[in-house]
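Participant: The residues making up each chain are set out below.
There are 2 protein chains.
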Amino acid sequence: MLYRQELTKPDGRSLTLYGRRPIEVAGPVPSPNREPLEANPHLRWHPLRGEWIAYASYRQGRTFMPPPEYNPLAVTTDPENPTELPQGNYEVAVFDNRFPSLSPLAHDAPKNIVETMPGLGKCEVVVFAKDPAASLAGLPLDHLELLMEVWGSRTAVLAQDPRIKYVLPFENKGVEVGVTLHHPHGQIYAYPFIPPVPKRMNHQEKSHLEKKGKPLLETLIAAELAADTRVIYRGEHAVSFVPAWARYPYEVWLAPIKAVPDFRALTPPVRADLARALKTTLLKYDGLWQRPFPYLMAWYQGPVDGQPHPESHLHAEFFPPYRSSDRLKYLAGTELAAGMFANDALPEQKAEELRAVAVTL
Amino acid sequence: MLYRQELTKPDGRSLTLYGRRPIEVAGPVPSPNREPLEANPHLRWHPLRGEWIAYASYRQGRTFMPPPEYNPLAVTTDPENPTELPQGNYEVAVFDNRFPSLSPLAHDAPKNIVETMPGLGKCEVVVFAKDPAASLAGLPLDHLELLMEVWGSRTAVLAQDPRIKYVLPFENKGVEVGVTLHHPHGQIYAYPFIPPVPKRMNHQEKSHLEKKGKPLLETLIAAELAADTRVIYRGEHAVSFVPAWARYPYEVWLAPIKAVPDFRALTPPVRADLARALKTTLLKYDGLWQRPFPYLMAWYQGPVDGQPHPESHLHAEFFPPYRSSDRLKYLAGTELAAGMFANDALPEQKAEELRAVAVTL
Chain A
725 MLYRQELTKP DGRSLTLYGR RPIEVAGPVP SPNREPLEAN PHLRWHPLRG
775 EWIAYASYRQ GRTFMPPPEY NPLAVTTDPE NPTELPQGNY EVAVFDNRFP
825 SLSPLAHDAP KNIVETMPGL GKCEVVVFAK DPAASLAGLP LDHLELLMEV
875 WGSRTAVLAQ DPRIKYVLPF ENKGVEVGVT LHHPHGQIYA YPFIPPVPKR
925 MNHQEKSHLE KKGKPLLETL IAAELAADTR VIYRGEHAVS FVPAWARYPY
975 EVWLAPIKAV PDFRALTPPV RADLARALKT TLLKYDGLWQ RPFPYLMAWY
1025 QGPVDGQPHP ESHLHAEFFP PYRSSDRLKY LAGTELAAGM FANDALPEQK
1075 AEELRAVAVT L
Chain B
725 MLYRQELTKP DGRSLTLYGR RPIEVAGPVP SPNREPLEAN PHLRWHPLRG
775 EWIAYASYRQ GRTFMPPPEY NPLAVTTDPE NPTELPQGNY EVAVFDNRFP
825 SLSPLAHDAP KNIVETMPGL GKCEVVVFAK DPAASLAGLP LDHLELLMEV
875 WGSRTAVLAQ DPRIKYVLPF ENKGVEVGVT LHHPHGQIYA YPFIPPVPKR
925 MNHQEKSHLE KKGKPLLETL IAAELAADTR VIYRGEHAVS FVPAWARYPY
975 EVWLAPIKAV PDFRALTPPV RADLARALKT TLLKYDGLWQ RPFPYLMAWY
1025 QGPVDGQPHP ESHLHAEFFP PYRSSDRLKY LAGTELAAGM FANDALPEQK
1075 AEELRAVAVT L
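Sequence order for the protein chains is A and B. For the first sequence, the numbering used here gives the first residue as 725, with consecutive numbering after it. For the second sequence, the numbering used here gives the first residue as 725, with consecutive numbering after it.
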């Protein structure tokens, strides 16, 4: 059972609390800022790449490595110094980013030499747990399942806005990927268009389904399971693996074995197994060098454009910044300028390293 | 006048020396390694992105931050400790990367669950100058012109191989972008296909030329010059500017005002002005915070597929990693996973900062 309570912060931002019991909150709904949010991001068209760029110039002033005594994602204990979260019996919290790159409040796009439009959309922060020292890997399986239900709930809520076309939950973890707050949290971006990467993915998935009659990633996962050289976790309903086509040395993908278009469509048994796949993968990452393993984790879903998406296959892709325990993989000339990734390591070798890490759920 | 001498290293790699006078070399052609090069990179198809990934597993062992007493890009002084370069009166040197992601020697692509093929192509290192402490910004204008002639020569040489479809000269500069050798140098990647970013660019350029009868970037540059709010350098034939569609806060583009498809097609007056645009831009970057400014600089050219490319417009794009003097712009969730860039700064503001930096050529 998923309980949810929707609240509004003094500055107008929304706060939604989730838990396994009916939500009870003590005290007023807090916010570090009380001035009304005046978000007005805009988009400009990049004519040579054929894609939109978001501009939100207030973002330079966003919270950056606060001193340890102030954590905006912790539960408020001193009403004189409110954080983003109230006291209460909830387990996961979601609120509007104070400095969004995309916002439903966007209303104005200054004219320019290229096409512009208001940066409509939404940027949400998802606080994974109340404990500032927790990490996804250490959370109980039921908590991870709850989080997946929350991602599904957010997808459903955001999809109700007809202006939203794509919902991407992700987590940036570690100073190596620029994380400014260490309290376990992720983000959700809701876009007014299907962004370039999911768009290419959807194109590939659609044309494969049309030609072959089966979802593309489902076919690839069946091949990974048959090859069994890169599989990290193999459950009844879910799998994680270093894909044969990994762009990052420690890249891992995590998915239901059978295609499910998005978090809303997950059944409880598949979600439970996906949580096991997630926890196993994260524990192996942390176990590899016996230290917290930084990564970008992105969850790709089908577009939320009101159409059915039998071609889409919900999955996570992990992009870790390390290529070995003491060397970062920098994205440089060929990756950023040409778009061709050069991987120093064979996926088979990196999978072997991760497979060798013993973990206990 | 551009003089060129082609040599072969003891390990089979090619070395080409360039200068304004007939090249004279003293001593044998050196190489830090003498074992024959055994490069055999391969490509795998990424089915969900629809792009090739290059695998070259020996690259983990490549030279990394050598001690100051050994610089493989310096001229050899001690024959017992050969570097990559001989003594001689050349000014710029180009040699095959010892650890290439793409190589003409590629001969074998192990079968996998996705399509594979040999990683044919070429990765060259371009030593910009002999002085290990030099930087592009500090080189005389004539030397920058020479370098552009070298890029043109390399493009012509590489284009002769019918397997090569795209040539990308670039420079990664600064520890912030992962540079392992500080001697001023760049690289050239020659691809057996048009890589994803130039491919999208070429598609946009082609469809604009068909529809409007004028090259896309030429039209945009005319609009930038007319707006005159983001222009950094304005010469008779060349321009540099923070584009209205900048993805990075300090992104700068540099181009001939009129479309020229590639370095081979540059006329001397345009090349000379492009060198002034380059030096001006680099001096402004270094002057901004009074310290060397890191960046990725990529030079986009038309494809070298044997077709004319009237739609293509040679230009450089600079992607600097800083968003302010003390903060890096990390590519995270929305940039890497979704492909939508979120820029904290308006191009107009960043252009103003760069325009305010006074420089003397």
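Watch out, some of these pointers could steer you wrong.
You can't tell identical chains apart in this list, so a pair holds if it fits in one copy or across any two.
[What the hints assert, rightly or not] When the alpha-carbon atoms are kept at most 30 Å apart in a straight line, the in silico DSSO-like pairs for lysine-lysine are as follows:
(1) Lys854 - Lys982
(2) Lys923 - Lys935
(3) Lys854 - Lys930
(4) Lys835 - Lys930
(5) Lys854 - Lys936
(6) Lys835 - Lys936
(7) Lys938 - Lys923
(8) Lys938 - Lys854
(9) Lys854 - Lys835
(10) Lys923 - Lys889
(11) Lys982 - Lys835
(12) Lys854 - Lys935
(13) Lys835 - Lys938
(14) Lys835 - Lys935
Since the hints were made in silico from the structure, they are not lab data.
Participant: Which numbered conditions among the earlier hints are violated in the structure presented, ordered from lowest to highest?
Facilitator: 1, 3, 5, 8, 9, 12
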